[in-house]
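**Student:** Here's the letter readout for the chains.
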Amino acid sequence: MAHDDHFHCFAFPAGIKAGPGGSAVRKDTWLRSVFLPGVLPVPVTSLRPDLELYSLTYDLTALVHTQNKKLPQSARLDSLGQTAGGRELHVLKLGANINDKPKTARVLFTGGLHAREWLGPTYTYLIAEWLVTNYPTSPGGGPNPAFAKDLLDNNHIWLVPMCNPDGHEYTVTTERMHRKNSPGGDSHFQSAPGAKPARDAKAPPSIDLNRNFATKQWQAIIDSKKGSFSAKEDGDTFAGKSAASATEVQLLQKMIDATPFDLAVDHHTYDCALLYPYGDDPGKAKQNKRLVAFSGLMQKQINRKAAKNITTQPGTADNWSLYKISSFYADLYKSLGITPGLSPEQSLIPGSITDYIIYAAEGASPPRKTLAWSMELPPMHHAGSPGFNPPESIIRPAFNQLIGTSLALIKNATADDPKAADFSLFDIVAP
Amino acid sequence: MADNEHVIVGASRVVCVVKLPATMPGEPEDEQFLSHLPMVGQHDGQIIAFISISDVPRLRKLGAEVTVIDNTGNGYAARVQGAASPQDLVASVGKSVEKGKADLAIAQKGDGGDSDGKA
Numbered sequence: 001m002a003h004d005d006h007f008h009c010f011a012f013p014a015g016i017k018a019g020p021g022g023s024a025v026r027k028d029t030w031l032r033s034v035f036l037p038g039v040l041p042v043p044v045t046s047l048r049p050d051l052e053l054y055s056l057t058y059d060l061t062a063l064v065h066t067q068n069k070k071l072p073q074s075a076r077l078d079s080l081g082q083t084a085g086g087r088e089l090h091v092l093k094l095g096a097n098i099n100d101k102p103k104t105a106r107v108l109f110t111g112g113l114h115a116r117e118w119l120g121p122t123y124t125y126l127i128a129e130w131l132v133t134n135y136p137t138s139p140g141g142g143p144n145p146a147f148a149k150d151l152l153d154n155n156h157i158w159l160v161p162m163c164n165p166d167g168h169e170y171t172v173t174t175e176r177m178h179r180k181n182s183p184g185g186d187s188h189f190q191s192a193p194g195a196k197p198a199r200d201a202k203a204p205p206s207i208d209l210n211r212n213f214a215t216k217q218w219q220a221i222i223d224s225k226k227g228s229f230s231a232k233e234d235g236d237t238f239a240g241k242s243a244a245s246a247t248e249v250q251l252l253q254k255m256i257d258a259t260p261f262d263l264a265v266d267h268h269t270y271d272c273a274l275l276y277p278y279g280d281d282p283g284k285a286k287q288n289k290r291l292v293a294f295s296g297l298m299q300k301q302i303n304r305k306a307a308k309n310i311t312t313q314p315g316t317a318d319n320w321s322l323y324k325i326s327s328f329y330a331d332l333y334k335s336l337g338i339t340p341g342l343s344p345e346q347s348l349i350p351g352s353i354t355d356y357i358i359y360a361a362e363g364a365s366p367p368r369k370t371l372a373w374s375m376e377l378p379p380m381h382h383a384g385s386p387g388f389n390p391p392e393s394i395i396r397p398a399f400n401q402l403i404g405t406s407l408a409l410i411k412n413a414t415a416d417d418p419k420a421a422d423f424s425l426f427d428i429v430a431p
Numbered sequence: 432m433a434d435n436e437h438v439i440v441g442a443s444r445v446v447c448v449v450k451l452p453a454t455m456p457g458e459p460e461d462e463q464f465l466s467h468l469p470m471v472g473q474h475d476g477q478i479i480a481f482i483s484i485s486d487v488p489r490l491r492k493l494g495a496e497v498t499v500i501d502n503t504g505n506g507y508a509a510r511v512q513g514a515a516s517p518q519d520l521v522a523s524v525g526k527s528v529e530k531g532k533a534d535l536a537i538a539q540k541g542d543g544g545d546s547d548g549k550a
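Residue numbers (the working numbering), protein chains in the order written: chain A, 1 to 431; chain B, 432 to 550.
Where hints are given, some of them may not hold.
[To be verified] Examples of chain A residues lying across from chain B (beta carbon under 10 Å, computed): (1) Y329; (2) G337; (3) S343.
[Unchecked claim] The calculated PhoX-like cross-link candidates involving lysine-lysine, where the alpha carbons are at most 20 Å apart (straight line), are: (4) A:K334 / B:K450; (5) A:K216 / A:K254; (6) A:K103 / A:K70; (7) A:K232 / B:K492; (8) A:K334 / A:K232; (9) A:K289 / A:K369.
[What the hints assert, rightly or not] Stretch by stretch, here's where chain A covers chain B in the computed footprint (C-beta under 8 Å, at least three residues): (10) 455 to 469; (11) 496 to 508; (12) 526 to 540.
If you're looking for bench data, these hints aren't it; they were derived computationally from the structure. For every residue, glycine included, the Cβ atom is placed at its ideal position computed from N, Cα and C.
I would like the entire structure built from these sequences, with the hints used as guidance.
**Tutor:** Structure (structure tokens):
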């Protein structure tokens, strides 16, 4: 893939060196290079000779370094804690006076809860890269620098691009289609250097992190034995023996509980779908008219871009759908002609991060009007779709489809009246 | 063997094309199991699922038609990566389904044949 202006290489930050396969490199390998080769090469290729692997820590640190040079105290990299495999759960924080309160909104972008969905972490990271790269060092420079300056001067944007680093590592080293978190006692699994060996017969089973958040109806849905989850440990959607039993979920919940986010988007693959809460309570889904109105604006804007940025089906534009999280699987089965479809109860999703964020806002004192979505990024479901293993060439069109909307969400995160929210302003960001 | 060991070794999971039975079973656990097969793709109105090997006989017992097309998720990922186009992937899966069905028929007759290690 040829480099474009805003996908450029960052200067390696002073004091940070890539060692020859050293521990600092090895512990947070990620596959950004599959999509964006040639950026910050890190010598860990012996792990998978067919892939160039990179360090997430280095990439995020490079963004912090670059942004703080442009505007002091406008970026920091924190860790929410360590996973069972000893990997840091990074949160990148961008925005003027990042150690203080934002002028306008706090926005959260997350990705990678499901290990095999590599586009989620990549796209989440690229939002940050766009903002940092376009932030101007002097006035002027066209609309993109003006947008970046406006968004970062007035808002705090938190990004957790890799919510499941242990699982992600497993998709690199062992099983590309792995979905859940750390595979516990697997002999192929390698914990981070310095952490205790992962091979442990007593290790807990791996958990589907996006079924394990302590949402209001979690226990009721599990007890009903109906819904999009597995009660079996070897099930791909195993929800855990109890809510918030996964370390990653505990760390993310702690962050959400402590931070008054105005808006949040969690990135998954695959389907070209925009999902709004609640996943565990369909009756409540349409009560939030503001959320539904915003969803409509987002869908329209993304589809304007999708028509020009086709991902995997030549000659057919990606078509973004809008679903309630609680009916996503039933609607998907219906659209694919899979019979006999799913009942509404079987489509309920317990324990999603998106529901948790909304419930946290509702339960705050005073309650907050937080908006939250889950996005299923490209490719679309279609005959012969590459599904969870798309080619590198999907990144550019997927980015172009979405970046204007991600920026518009930041800009409008606290807009009370959706009619006043102008998403089309950002159409010029990407072709 | 640890209780969960069979779950996490890559070779114990297979990718298969599953045609669901015409009606869902009455038992809630069975219905829930059939309703949420981990879908990694679709083929001809059917689900391409990535499941534990132990789920294959359970699916068949519940009336689903199951044809294993890859013995690991990596095998399916490589198939996807190797396909030059969506049509190529459809053809590749279709070919494996045909072969899988033929192998299964031979295996069920009990007269030997090359099952290629597939269920």
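**Student:** Hint by hint, note whether the structure agrees.
**Tutor:** Status of each hint after checking the structure:
1. This hint holds: A:Y329 has a C-beta 7 Å from the nearest C-beta of chain B, less than the 10 Å allowed.
2. Taking 10 Å as the C-beta cut-off, the interface hint given for A:G337 holds, the closest approach to chain B being about 4 Å.
3. Residue-level restraint check for A:S343 holds (minimum Cβ-Cβ distance to chain B is 8 Å; threshold 10 Å).
4. In summary, the hint linking A:K334 to B:K450 is supported, as the alpha carbons are separated by about 15 Å, within the 20 Å threshold.
5. Between A:K216 and A:K254 the alpha-carbon distance is near 16 Å, which keeps this suggested pair within the 20 Å criterion.
6. Taking the CA atoms of A:K103 and A:K70, the gap is about 19 Å. The hint holds against a cut of 20 Å.
7. Restraint check for A:K232 and B:K492: satisfied, since their Cα atoms lie roughly 18 Å apart, inside the 20 Å limit.
8. A hinted pair counts as satisfied when its Cα atoms are at most 20 Å apart, and A:K334 with A:K232 does not qualify at roughly 26 Å.
9. Distance hint between A:K289 and A:K369 is fulfilled; the C-alpha atoms sit about 11 Å from each other, no more than 20 Å.
10. Here the segment 455 to 469 of chain B counts 9 residues with a CB under 8 Å from a CB of chain A, which clears the bar of 3, and the coverage holds.
11. For the segment 496 to 508 of chain B, the stated coverage by chain A is satisfied: 5 residues place a CB nearer than 8 Å to a CB of that chain, which reaches the threshold of 3.
12. Check on the segment 526 to 540 of chain B: 0 of its residues sit with their Cβ under 8 Å from a Cβ of chain A, so the three-residue criterion for coverage is violated.
The earlier numbered hints that this structure contradicts are 8 and 12.
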